[in-house]
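K.L.:
Heads up, the sequence shown is in the working numbering, so the first residue is 1207 and it goes up one at a time.
There are no misleading hints in this set.
Between beta-carbon pairs, the in silico distance windows are:
(1) Lys1416 x Glu1311: 15 to 23 Å
(2) Lys1365 x Pro1315: 26 to 34 Å
(3) Pro1322 x Tyr1409: 18 to 26 Å
(4) Leu1242 x Gln1454: 30 to 38 Å
(5) Arg1303 x Leu1242: 38 to 46 Å
(6) Asn1331 x Arg1370: 27 to 35 Å
(7) Glu1529 x Lys1342: 44 to 52 Å
(8) Arg1367 x Glu1417: 22 to 30 Å
Note that these hints are calculated values from the structure, not bench results.
Think of the CB as a built atom: it goes at the ideal place given N, C-alpha and C, for glycine as much as any other residue.
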Amino acid sequence: MKRHTITILLAFVAFIANAQTASNPGWLWTISGNGLAQDSYLFGTCHGDGISFTDEEIYSITGLSEALDEAQTVFFEADAKTDEQNGSNEELKQLYRRIINPGPEYMMPEGVFYKPLFDSVAHFNEVNKFMSYEMKDVEYWKKTPGYWCIRLSMYAFAKVRMCRSVDIAMYEEAVKRGKETGGLETTSSVMGMIMSMYTDTKYIDTLSMKEQAKIIYKLVHRMNNDSILQFPKLHEAYLENDTCKFNQFLGEFEEELTKMNIEDLGNGMQDKKDYQNEHLLRERNEHWVPVIKENIAKRPCLIAVGCRHLLSADGLIAMLRREGYTVEPVTKKY
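From just these sequences and the hints, can you work out the full model?
P.N.:
This is the structure in C-alpha cells:
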C-alpha cells in the first residue's frame, strides 16, 4: 500500500496544511462578545512533532501563562479524567485489541515465507530484528506484510505521542495550578477515526506481498534512523508563534518528502488530506462548537486544541465568529 508508507508522516503535519491567514496572529486568541460576562481563550497546541516541549518554551508564547491563570476550566481535545468517568478507556482498549488480533485474512498462506520477499538479506535482517525486539513479536512471520504495514504506521504514531507535547505540558500545569480540566470529546472517538484512516486496506490488498515487504522495510529503516519520528524544524516553527512562518515550513517539508522517492506520494498525500480535513478537522470542530459555547457562557475557559483546528473556513475561529463571538489574536510583544 503505497499511500500507507506516508500515513505516519501525514498524521504529524496534517494539522498545519492549508492554514491560511492574512497576518501573523500566533496561536493564542481571546473569545468575547455575544453576551459573555468574561473573556475566554482559544489556544492552538502542537502534538505531533516527536520532540518534547519544555515549560520554558511553551510559556514563552505571549499571554499563555496569564490566560491559564484567568481560566477557571481548561478544555483539551480529550481529557484522561473524563475518559475514565465515562468508560471511554475500555472502548479504546477494545479498539486496540481488534488491531492487535487480526482476522484470518491477515495470516500468511502456508508455504510463503518472509525472507524471499525482501530485496536483500540485509533488508530482511533489519526487519527481522525490529519485529523481534521493538515490536516484541517473534512470530511476526505468521501475519502478512500488509498487516504489518498498518501496525508499523500505528506504532510510529503512538511512539511520537509518548513525547511531552504542548497538550501534555499544559495539562500538567493546569493540574498544578488547581484548574478544573475537561475534554471536548472522548479519546476513543478520535482514535476510532484515526484508526479508520490507518486500517483502510483497499489499496494494500491490491499489492503483491513482495511490494508490501518493500513498504515494511522503508518504514522500519526510517524508524531506526528517527527520520519519521522527529521534526525539529516543525518544533522550532511552532515556537516562532507565527502562522505564516509555520506555513512556509510546511512547503519546505513537503519538498523533503518528495526527495524520499516514495511512489505516488502526491496522490497519497491528497487522499489523506481530504480525509483529515473532512473527518478529523471539520466534523470534530462542528461537534466541539456547542460544547465550547455551553461552557464559556458559564465561566472563563481556556480551550487548547491542535493548532490546525483554529484556522481556515472550517476552523474554530471562523465557526465561533459565525456564532456571533468576537475572536481576536492576543497582541504580540516585540
